[in-house]
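The listed protein sequences derive, respectively, from chains A and B. If you number the first sequence the way our numbering does, the last residue is 371 and the count never jumps. If you number the second sequence the way our numbering does, the last residue is 1146 and the count never jumps.
If you're looking for bench data, these hints aren't it; they were derived computationally from the structure. Ideal Cβ positions, reconstructed from N, Cα and C, are used throughout, including at glycine. Check each hint, because a few of them may be wrong.
[Claimed, not checked] Which stretches of chain A does chain B cover? Using the computed rule of at least three CB atoms under 8 Å from a CB of chain B, they are: (1) 217-229; (2) 291-301; (3) 306-312.
[Stated by the list, open to error] Label-pair ranges, simulated between beta-carbon atoms: (4) B:K1142 / A:D338: 53 to 59 Å; (5) B:E1018 / A:P283: 28 to 34 Å; (6) B:Q1127 / A:P208: 38 to 44 Å; (7) A:D238 / B:E1128: 29 to 35 Å; (8) A:R233 / B:E1139: 31 to 37 Å; (9) B:A1019 / A:H314: 43 to 49 Å; (10) A:E213 / B:I1110: 21 to 27 Å; (11) B:I1110 / A:Q257: 17 to 23 Å; (12) A:D238 / B:A1019: 52 to 58 Å.
[Stated by the list, open to error] In the DSS-like style, the derived pairs of lysine-lysine whose C-alpha atoms are separated by at most 30 Å in a straight line are: (13) A:K209 / A:K324; (14) B:K1142 / B:K1084; (15) B:K1142 / B:K1045; (16) A:K324 / B:K1048; (17) B:K1090 / B:K1142; (18) B:K1021 / B:K1132; (19) A:K279 / B:K1045; (20) B:K1048 / B:K1142; (21) A:K279 / B:K1021; (22) B:K1048 / B:K1021; (23) B:K1045 / B:K1084; (24) B:K1048 / A:K279; (25) B:K1143 / B:K1091; (26) A:K324 / B:K1084; (27) B:K1090 / B:K1132; (28) B:K1091 / B:K1132; (29) B:K1048 / B:K1132; (30) B:K1132 / A:K279.
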Amino acid sequence: MLPKIRKELPEIISRQVERVFLTMFNVRIERADRLAGSYNDDDLISTVTFSQGETKIILRIGVPRMFLSSLLQKIYGPVIGSHEMTYEDSVCEITNIVGNAVKKHLNEHGYSFVMSIPKIDFDFHTRYEKGSDDHMELEFVFNGERLSVDMITFYRGIFEGDEVFI
Amino acid sequence: MNVEALKVLIVDDHMLMRSMVENYCLSMGFKTIKACSGGAQALNAMRTDDYDLVLMDWGMPDIPGIEVLKTLRADKKNDRTAIVMVTAESEDLRLIEALEAGATSYLVKPFSQEDFEKNVRNVLEWLKKQRG
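Here chain B stands alone, though its shape is the one from the complex:
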């Protein structure tokens, strides 16, 4: 899959994580990356533009990532968008909740660049299958 053509949306209230994830995406070859610092901003970004891959935090002060995920999945327009929960929430129940709500994958903080790339590569395979 040509990652240069894919659009990425990073959603995290912490600048540290946004920067790290953005750097990892750039090193994987992604070119079009937008970062949002909250759930409301992310929903707005998804309304006004189409993204192929959303990397989303769970615990955010305005709208929790799980609610953003549910809202996005309720709209058929986002059926073929990969949404990865990138979160420190590591309880099994949370993982199940996210997958049931339509998360494509789940990445627990802290993670190395290698962990991140491995997860995103699997997600790209999913995206490829979805898009035939």
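Excised from the complex, chain A in its bound form:
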């Protein structure tokens, strides 16, 4: 990825994550100064993949279930708002919106990435992926809850765990 785009992406992602939570849930989350460096056990993680030729970029967003519950109960009430399927649906939609902002930014710089439909990532709770060419991590905080975003780039396809990601 071009160094300029690589440098701009954290800001693009941060702005969009903050905007999603503010406009959709009326919650002002902030970028964390320091990284915890891992997902929480309570995190629900959603993934989208951007593909262009052999280059694959994976964007993952992890949101704690406790945090989701507090947001979604306001929309759906206590029963549906605390259901696992409701959490999964919401994290995927958040990832979809953030992912589209990333795709727009990449494609405005001459790329033609195609984005997959978001899905829940049940298997990977570690940030660093072996064999990746680039890795970016961001974290956000709200009332002691920590949200995670990470982006992994493979310039020549995904050599390990191929069947999991695509």
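For chain A, the structure is supplied; the task is to place chain B on it using the hints.
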């Protein structure tokens, strides 16, 4: 325009967005609202009933919203139906593609209730002109 008399179809594969859009529609005074979770369901709903306003997502696993839009616009029966693409697709090319395919308007996610209402009010003006 009397919104109470208008029928709304919401099409989105995510329950979160269907619920939010439905709540916004209810607060604007719409009374008859149906929600579909995919493109095939939406096409079926449009075949069996008439809707005045369709609020449609783009990225859906079964049939993408843009294909549903093209199918609907190919049928003259839907000429006076307002179809708004409600999507996270924010690239200019996508916007142009949707408008060329016959979208009445385009609303990019995430949006506030205020953004939504402003967009739908403009669409209602269009609908009013279409129907004389």
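Structure-based check of all given hints:
Requiring three or more residues with a Cβ within less than 8 Å of a Cβ of chain B, the coverage given for the region 217-229 of chain A holds, as 4 such residues are present. With a cut-off of 8 Å between beta carbons, the region 291-301 of chain A has 6 residues touching chain B; three or more are needed, and the interface restraint holds. Requiring three or more residues with a Cβ within less than 8 Å of a Cβ of chain B, the coverage given for the region 306-312 of chain A holds, as 4 such residues are present. Between K1142 of chain B and D338 of chain A the beta carbons are some 55 Å apart, a value that agrees with the proposed interval 53 to 59 Å.
Taking 28 to 34 Å as the suggested C-beta distance range, the pair E1018 of chain B and P283 of chain A conforms, at roughly 31 Å. Separated by about 40 Å at the C-beta atoms, Q1127 of chain B and P208 of chain A satisfy the suggested range of 38 to 44 Å. Between D238 of chain A and E1128 of chain B the CB atoms are about 32 Å apart, so this pair conforms to the stated range of 29 to 35 Å. In this structure, R233 of chain A and E1139 of chain B meet the distance hint of 31 to 37 Å, their C-beta atoms being roughly 34 Å apart.
Distance hint check for A1019 of chain B and H314 of chain A: the Cβ-Cβ separation is about 47 Å, which falls inside the suggested range of 43 to 49 Å. E213 of chain A and I1110 of chain B have their C-beta atoms about 24 Å apart, which keeps the hinted 21 to 27 Å range intact. For I1110 of chain B and Q257 of chain A, the Cβ-Cβ distance of about 21 Å falls inside the hinted range of 17 to 23 Å, so the restraint holds. Under the hint 52 to 58 Å, the C-beta atoms of D238 of chain A and A1019 of chain B, about 54 Å apart, fit the expected range.
About 29 Å separates the Cα atoms of K209 of chain A and K324 of chain A, which keeps this hinted pair within 30 Å; it holds. As the CA atoms of K1142 of chain B and K1084 of chain B are separated by approximately 22 Å, the hinted pair is consistent with the 30 Å bound. Using a Cα cut-off of 30 Å, the hinted pair K1142 of chain B and K1045 of chain B holds, with the two alpha carbons roughly 18 Å apart. Between the alpha carbons of K324 of chain A and K1048 of chain B the distance comes to roughly 26 Å, so the proposed pair stays at or under 30 Å and holds.
Between the alpha carbons of K1090 of chain B and K1142 of chain B the distance comes to roughly 18 Å, so the proposed pair stays at or under 30 Å and holds. Annotation: proposed proximity of K1021 of chain B to K1132 of chain B holds, straight-line Cα distance about 18 Å (limit 30 Å). Of the pairs offered as hints, the one joining K279 of chain A and K1045 of chain B holds, with about 22 Å between alpha carbons and a cut-off of 30 Å not exceeded. For the given pair, K1048 of chain B sits about 21 Å from K1142 of chain B by alpha-carbon distance, which is consistent with the 30 Å threshold.
A C-alpha spacing of about 26 Å is found between K279 of chain A and K1021 of chain B, which places the hinted pair at or below 30 Å, so the restraint holds. In summary, the hint linking K1048 of chain B to K1021 of chain B is supported, as the alpha carbons are separated by about 8 Å, within the 30 Å threshold. Pair hint K1045 of chain B plus K1084 of chain B holds up; C-alpha atoms about 27 Å apart against a cutoff of 30 Å. For the suggested pair K1048 of chain B and K279 of chain A, the alpha carbons sit about 22 Å apart, so the restraint of at most 30 Å is met.
A C-alpha spacing of about 17 Å is found between K1143 of chain B and K1091 of chain B, which places the hinted pair at or below 30 Å, so the restraint holds. At roughly 27 Å between alpha-carbon atoms, K324 of chain A and K1084 of chain B fall within 30 Å of each other, so this suggested pair holds. Distance check on the hinted pair: K1090 of chain B and K1132 of chain B sit about 27 Å apart at the alpha-carbon level, within 30 Å; holds. Distance restraint check for K1091 of chain B and K1132 of chain B: the Cα-Cα separation of roughly 27 Å lies within the 30 Å cut-off, and the hinted pair is therefore satisfied.
The hinted pair formed by K1048 of chain B and K1132 of chain B meets the criterion: a straight-line CA distance of about 21 Å does not exceed 30 Å. Restraint check for K1132 of chain B and K279 of chain A: satisfied, since their Cα atoms lie roughly 24 Å apart, inside the 30 Å limit.
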